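Using the sequences plus the hints, can you model the full thing?
Protein sequence lines, in the order shown, are assigned to chains C and S. Take the first sequence: its letters are residues 1 to 206, numbered as in our numbering. Take the second sequence: its letters are residues 1 to 467, numbered as in our numbering.
Don't take every hint at face value.
Here are some chain S residues pointing at chain C (derived, C-beta under 8 Å) [as the list claims (entries may be wrong)]:
| hint | residue |
| --- | --- |
| 1 | 94 |
| 2 | 95 |
| 3 | 147 |
| 4 | 156 |
| 5 | 249 |
In the DSS-like style, the derived pairs of lysine-lysine whose C-alpha atoms are separated by at most 27 Å in a straight line are [to be verified]:
| hint | chain 1 | residue 1 | chain 2 | residue 2 |
| --- | --- | --- | --- | --- |
| 6 | S | 252 | S | 10 |
| 7 | S | 463 | S | 369 |
| 8 | S | 267 | S | 10 |
| 9 | S | 162 | S | 267 |
| 10 | C | 175 | S | 51 |
| 11 | C | 175 | S | 369 |
| 12 | S | 267 | S | 245 |
| 13 | S | 252 | S | 267 |
| 14 | C | 32 | S | 267 |
| 15 | C | 168 | S | 162 |
| 16 | S | 364 | S | 463 |
Residues of chain C clear of chain S, computed beta-carbon distances all greater than 10 Å [unchecked claim]:
| hint | residue |
| --- | --- |
| 17 | 69 |
| 18 | 83 |
| 19 | 92 |
Hints are computed from structural coordinates only; laboratory data are not their basis. Nothing here was measured: the structure is a model prediction, and the numbers come from that model. From the three backbone atoms N, C-alpha and C, an ideal C-beta is built for every residue, glycine too.
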Amino acid sequence: MDPFGTLAATVVPLRLANVDTDQLQPGRFLRKPRSDGYDNYLFHDLRRNEDGSMREDFPLNQPQYQSAEILVADRNFGGGSSREGAVYALADAGFRCVIAASFGDIFRSNCAKNGVLPVELPIEAIERIWEMAEADPSAPLTVDLATQTVRLANDPETFGFEIDPFVKECLMEGKDDIDLTLAHSETLSTFERSYGQDFPWLTPTG
Amino acid sequence: MTEQLTLFEKIWRAHTVTARDDGQTLLWIDRHLCHEGSFHAFEKLAMSGRKVRRPDLTFSIADHYVPTRNREVGPDEPEIATMIRLLDEHSRTNGIRQFGLGDPEQGIVHVVGPELGLTQPGIMLVCGDSHTSTHGAFGALAFGIGASEVSHVLATQTLWQKRPRTMRITVDGQLGPHVTAKDLILSVIARIGADGAAGHVIEYAGEAIRGLSMEARMTVCNMSIEAGGRAGMIAPDDTTISWLKGRRYMPKGDDWEAAVAFWRGLKTDEGAVFDREVRLHADEIAPTVTWGTSPEHALPVTAAVPDPSGEANEGRRTTFEKAVDYMGLTPGAPLDGLRVDRVFIGSCTNARIEDLRAAAAILKDRSTKVPTMIVPGSTMVKRQAEQEGLDRIFTGAGAEWLESGCSMCAATNGDMVPPGERCASTTNRNFRGRQGPGSRTHLMSPAMAAAAAVTGTITDVRKLAEG
Ligand code: SF4
Chain C
1 MDPFGTLAAT
11 VVPLRLANVD
21 TDQLQPGRFL
31 RKPRSDGYDN
41 YLFHDLRRNE
51 DGSMREDFPL
61 NQPQYQSAEI
71 LVADRNFGGG
81 SSREGAVYAL
91 ADAGFRCVIA
101 ASFGDIFRSN
111 CAKNGVLPVE
121 LPIEAIERIW
131 EMAEADPSAP
141 LTVDLATQTV
151 RLANDPETFG
161 FEIDPFVKEC
171 LMEGKDDIDL
181 TLAHSETLST
191 FERSYGQDFP
201 WLTPTG
Chain S
1 MTEQLTLFEK
11 IWRAHTVTAR
21 DDGQTLLWID
31 RHLCHEGSFH
41 AFEKLAMSGR
51 KVRRPDLTFS
61 IADHYVPTRN
71 REVGPDEPEI
81 ATMIRLLDEH
91 SRTNGIRQFG
101 LGDPEQGIVH
111 VVGPELGLTQ
121 PGIMLVCGDS
131 HTSTHGAFGA
141 LAFGIGASEV
151 SHVLATQTLW
161 QKRPRTMRIT
171 VDGQLGPHVT
181 AKDLILSVIA
191 RIGADGAAGH
201 VIEYAGEAIR
211 GLSMEARMTV
221 CNMSIEAGGR
231 AGMIAPDDTT
241 ISWLKGRRYM
251 PKGDDWEAAV
261 AFWRGLKTDE
271 GAVFDREVRL
281 HADEIAPTVT
291 WGTSPEHALP
301 VTAAVPDPSG
311 EANEGRRTTF
321 EKAVDYMGLT
331 PGAPLDGLRV
341 DRVFIGSCTN
351 ARIEDLRAAA
361 AILKDRSTKV
371 PTMIVPGSTM
381 VKRQAEQEGL
391 DRIFTGAGAE
401 WLESGCSMCA
411 ATNGDMVPPG
421 ERCASTTNRN
431 FRGRQGPGSR
441 THLMSPAMAA
451 AAAVTGTITD
461 VRKLAEG
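Structure follows, in structure tokens:
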């Protein structure tokens, strides 16, 4: 996983609430191996007409947003299923950051495990970013993880965001949390032994 | 004075291996359930050269991809065959007990876990599936995780989590006739929103909750995730303990006695504080259906399709317009009487024995007007339903009685609602395309779905049942 520092990139505005993980990656593609690349499944059904042609009114299909690395949506983005494929699809399509008014909890933690930064901002800030990206699709947004700030190209104001320190650390260092856990091996083994004695019935027999 | 703790806090503390200053906590996992979709996690694990730390605490169950019309995967479905084979291979090479296709105890992971007694009060249970919240009905802390977290659990039997906030939803009073757990939870979601419980673990309490059977409690906890909740839980009581007794992986003899004594203490202390409290009265709850494309779009069956133009908030208006359009609805039209093209009774929300009994009570001596699929939640549920003669009621009414699996709930196994068709469904998600591209889903209880099958329209079950 590449370490995440400062990202200055263009934005694709997605004025939609409740974009669930079924929209991000429809269930029938869950069986696909990751090695195929998941970018083709991103918003697969949402971005197509019934006859399979691409919808021109869907922002991700529009030429001016093709190089965007930041996706900005309304509330409850990534709610629903735990499928990590929803994040693989975003990552494989080149997105490094998703900004929304709120997120599905599992989706949010899946993002961080795949080097995609989830940023929660108030809807007023999101409106300003949408307006910026619609007026000038080439205007960059700067997302700085170290200072936890988002800066618009045309706006003197910066917006701060909250992020869990642990998630921040993993993202900034591109770290695998299994390594982190294994650093606690001794504590873990001690816990496991005494827990097994306290709750003998939890070791399955049957 | 001793500290007053919530049920959640008691379980959280007992499972804390270590905690960092920033609040991130390494938690011990008692039970881990896998399904075919876990292949990403197994591959990740294999790539890192790591081994499964406690294969005896992980169980794998084939559900998402299994065919329901028979137990053979057809030659035209090579990808599905691969999914089922991969689960089998990963389970065998890692020494994990599997309940695969054809096993007499196979079924949907959230139906089978409790049935086998793998789910127990006070445990920490995870699975790479968001409806893992179901298991909280037993007073466990149970939640869904992504593939990276699944591989973390496989490698270490632990998980890093930030302490969620807590929310108590109290439902006073008693549910009216033909008002079920499904109606209750849909009403809760409509009230607090599809992200209303984001970042929270919900504890359900109050007289109406206490009065629910285990099956009904599972329906409630199952849909906690549809309110955005990290988990949902209900403190164990006599209903819980008698339901669990004698199940395959339950403690036996002295262990059983010790376990029961421990479980009795698993409840929120008087005076313990929740971050948020929500209260509603069972009287307010009617048979409920969803009209739109989010579970929060739920209304009493006696209501009408909302008119988006009446929404003052612009975002809400656009969302409603899109939902009404996608669902092919007319604003202001009554929900009761809306034509449906098919009915699906199944899923981890509503395909347990009680759900099938409720559907059978409506279908008995009646016939279905639209194609109706009934898919039991597990192979054991299927056997029991057949012993009770429910299968003959279903087939007698012209419904299809099939093998257990996730089936048309998420269309992963190829059972799909055709584009543009409207389906009355006992599942948990009415997302766009959830049951197949272009599918239109209306969520409701098993009795309501059975009523829709009989009339070919969304129908207030109280009319059929009473008259
Ligand atoms: S029945 Fe539906 S919701 Fe439940 S686990 Fe299967 S696909 Fe998921």
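Here is what the structure says about each hint:
1. 94: The hint is violated - residue 94 (chain S) has no Cβ within 8 Å of chain C, the shortest such distance being about 16 Å.
2. 95: violated, 13 Å
3. 147: At about 4 Å, which falls below the 8 Å cut-off, the nearest Cβ of chain C leaves the hint on residue 147 (chain S) intact, so it holds.
4. 156: Holds - the Cβ of residue 156 (chain S) comes within 8 Å of chain C, reaching about 5 Å at its closest.
5. 249: Check passed: Cβ of residue 249 (chain S) comes within 4 Å of chain C, closer than 8 Å.
6. S:252 to S:10: holds, 24 Å
7. S:463 to S:369: OK: residue 463 (chain S) and residue 369 (chain S) at ~17 Å, within 27 Å.
8. S:267 to S:10: holds, 8 Å
9. S:162 to S:267: holds, 22 Å
10. C:175 to S:51: Since the Cα atoms of residue 175 (chain C) and residue 51 (chain S) sit roughly 19 Å apart, the hinted pair holds (cutoff 27 Å).
11. C:175 to S:369: With Cα atoms ~57 Å apart, residue 175 (chain C) and residue 369 (chain S) exceed 27 Å; violated.
12. S:267 to S:245: holds, 19 Å
13. S:252 to S:267: The hint holds at about 23 Å.
14. C:32 to S:267: violated, 43 Å
15. C:168 to S:162: holds, 13 Å
16. S:364 to S:463: Given that 27 Å is the threshold and the Cα spacing comes to 15 Å, the pair holds.
17. 69: holds, 21 Å
18. 83: For residue 83 (chain C), whose nearest Cβ neighbour in chain S is about 7 Å away, the distance does not exceed 10 Å, so it is violated.
19. 92: holds, 13 Å
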